[in-house]
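Please model the complete structure; the sequences and the hints are all you need to start from.
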Amino acid sequence: MNREEYLNAVAAELRGLTSYERAAVRRELEGHIEDHAEALRAHGYPEDEAEARAAERMGDPAETGRGIARLYHPAWLWAERVAGALIAVMALELFLGFGGLGGVAGSVYARFCKPDDAHVTALDERMEIGNDVVRLYGINRYSDGQEDGVELWLCAYDRVPTGVVAQNIWGWSAVTANGEERVRYADGGGWSNARVTYCHIKVPLEPGDKTVALRFERFGEAVERAVDLTEVLP
Amino acid sequence: MKKQSIEHTQLLVLSLLASRDIYGYEMIVELARRSQNVFEMKEGTLYPVLHAMEKAGTVAAYEQTAPTGRTRKYYRLTQKGRGCLADEKAAWARYADAVNAVLRTEALS
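Note that the protein sequences, when read in sequence, are chains A and B. Numbering-wise, this note's numbering puts 119 at position 119 of the first sequence, and it's gapless, one number per residue. Numbering-wise, this note's numbering puts 1007 at position 7 of the second sequence, and it's gapless, one number per residue.
Keep in mind the hints are simulated off the structure, nothing from the lab. Just so it is clear, CB atoms sit at the ideal spot from N, CA and C, and this is done for glycine as well. Check the hints yourself; a few may be wrong.
[Said to hold, decoys possible] Using 20 Å as the maximum straight-line C-alpha spacing, the simulated DMTMM-like pairs for lysine to aspartate or glutamate come out as follows:
| id | chain 1 | residue 1 | chain 2 | residue 2 |
| --- | --- | --- | --- | --- |
| 1 | B | 1055 | A | 21 |
| 2 | B | 1073 | A | 35 |
| 3 | A | 114 | A | 151 |
| 4 | B | 1073 | A | 30 |
| 5 | B | 1055 | A | 13 |
| 6 | A | 202 | A | 224 |
| 7 | B | 1073 | A | 34 |
| 8 | B | 1073 | A | 38 |
| 9 | B | 1042 | A | 51 |
| 10 | A | 210 | A | 180 |
| 11 | B | 1042 | A | 30 |
| 12 | B | 1073 | B | 1054 |
| 13 | A | 202 | A | 228 |
| 14 | B | 1042 | A | 38 |
| 15 | B | 1042 | A | 35 |
| 16 | B | 1042 | A | 49 |
[Claimed, not checked] Here are some chain B residues the structure puts well away from chain A; computed CB gaps all over 10 Å:
| id | residue |
| --- | --- |
| 17 | 1021 |
| 18 | 1090 |
| 19 | 1098 |
| 20 | 1104 |
| 21 | 1105 |
[To be verified] Okay, the calculated beta carbon distance ranges per label pair:
| id | chain 1 | residue 1 | chain 2 | residue 2 | range |
| --- | --- | --- | --- | --- | --- |
| 22 | B | 1037 | A | 80 | 36 to 44 Å |
| 23 | B | 1055 | A | 84 | 22 to 30 Å |
| 24 | A | 45 | B | 1098 | 42 to 50 Å |
| 25 | A | 191 | B | 1055 | 55 to 63 Å |
| 26 | B | 1036 | A | 71 | 26 to 34 Å |
| 27 | A | 90 | B | 1094 | 53 to 61 Å |
| 28 | A | 1 | B | 1057 | 27 to 35 Å |
Here it is, written out as structure tokens:
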């Protein structure tokens, strides 16, 4: 019986121990055999013989294994198993972002969606804000008797379909028309879940306004994208 | 002389640890040396005893890495272990005295 065979035979009796405890027992016994083999080599034993003799001197591995296994409480093994299962579940939850896989389809859809009203002109302007993408997918003029302006149709999603979008992403944004801030809003007020959020806003325009720009500011970093109204609107 | 197996392993271990912290293999070597090779044991069977003592709290263990890079598990006598050693020693002395007393009376009769 060599060192590995001895250690494996002991380990076979240690099924009631946690992996940590088993590893500790193995380390200790292996260290013992190694120390003994080293002493034998120092006395002139050839390598193989020193190993074999040191392992043989350990005696019956099953006896030692059973003797040790008796001392350990199986509750810890169960605690380890339960903890392992919990960690697996939590990892899965993290991966799915707590929302299940349902939102993934929504996140993918947001990348290609078009406005469903005929009076809204389709656009596809994308801005990267950290790990998220804000997409301007539609624009239209409106007039409600008191003011004229444009409506912007926006959505935001994580770059990765399984990722989670920042829920306060609209809170970092401002809208300017010709460089003048017209709208600042704290939340989108649109439909959203963990992976995608929609928002539509009205920007009042003055006569002569030719551009409207979206501006996102976060941690001192600003991203801005201007849309030329004369080009996108009839 | 026929070699004896250790019966009072716990007492011997406690006694070895009274002077300094040592690891399993060192105990085997020390036991053989101090008993002039009368005490020999299947070395692996020392570990259930050590682990039981650790659970009972008479010894505590810690791992320490030698300059050679090898990590060893050292055992140290706890306060409880010192008390246990004193008791066990006294019990052993009484037992040995009793055995000797019987042997002496046999010689006299």
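Checked hints:
1. B/1055 / A/21: 13 Å, holds
2. B/1073 / A/35: 12 Å, holds
3. A/114 / A/151: Measuring from Cα to Cα gives roughly 14 Å; hence the hint holds.
4. B/1073 / A/30: 11 Å, holds
5. B/1055 / A/13: Within the cut-off at roughly 19 Å; holds.
6. A/202 / A/224: Holds. Residue 202 of chain A to residue 224 of chain A sits at ~18 Å (cutoff 20 Å).
7. B/1073 / A/34: 13 Å, holds
8. B/1073 / A/38: 17 Å, holds
9. B/1042 / A/51: Given that 20 Å is the threshold and the Cα spacing comes to 16 Å, the pair holds.
10. A/210 / A/180: 12 Å, holds
11. B/1042 / A/30: Holds, at about 15 Å.
12. B/1073 / B/1054: Holds, at about 12 Å.
13. A/202 / A/228: 16 Å, holds
14. B/1042 / A/38: 18 Å, holds
15. B/1042 / A/35: Answer holds: residue 1042 of chain B to residue 35 of chain A is near 15 Å, not above 20 Å.
16. B/1042 / A/49: 18 Å, holds
17. 1021: Given that every Cβ of chain A is farther than 10 Å from that of residue 1021 of chain B, nearest at about 15 Å, it holds.
18. 1090: Answer for residue 1090 of chain B: holds, closest chain A Cβ roughly 27 Å.
19. 1098: 30 Å, holds
20. 1104: 37 Å, holds
21. 1105: 39 Å, holds
22. B/1037 / A/80: 36 to 44 Å: Once the Cβ atoms are compared, 42 Å apart, the range 36 to 44 Å for residue 80 of chain A and residue 1037 of chain B holds.
23. B/1055 / A/84: 22 to 30 Å: 24 Å, holds
24. A/45 / B/1098: 42 to 50 Å: The hint (42 to 50 Å, Cβ to Cβ) holds, given that residue 45 of chain A and residue 1098 of chain B are roughly 44 Å apart.
25. A/191 / B/1055: 55 to 63 Å: Distance hint for residue 191 of chain A, residue 1055 of chain B holds at roughly 60 Å.
26. B/1036 / A/71: 26 to 34 Å: Between residue 1036 of chain B and residue 71 of chain A, where Cβ atoms are some 32 Å apart, the hint holds.
27. A/90 / B/1094: 53 to 61 Å: About 59 Å separates the Cβ atoms of residue 90 of chain A and residue 1094 of chain B, which means 53 to 61 Å holds.
28. A/1 / B/1057: 27 to 35 Å: 34 Å, holds
Hint compliance for this structure: no hint is broken.
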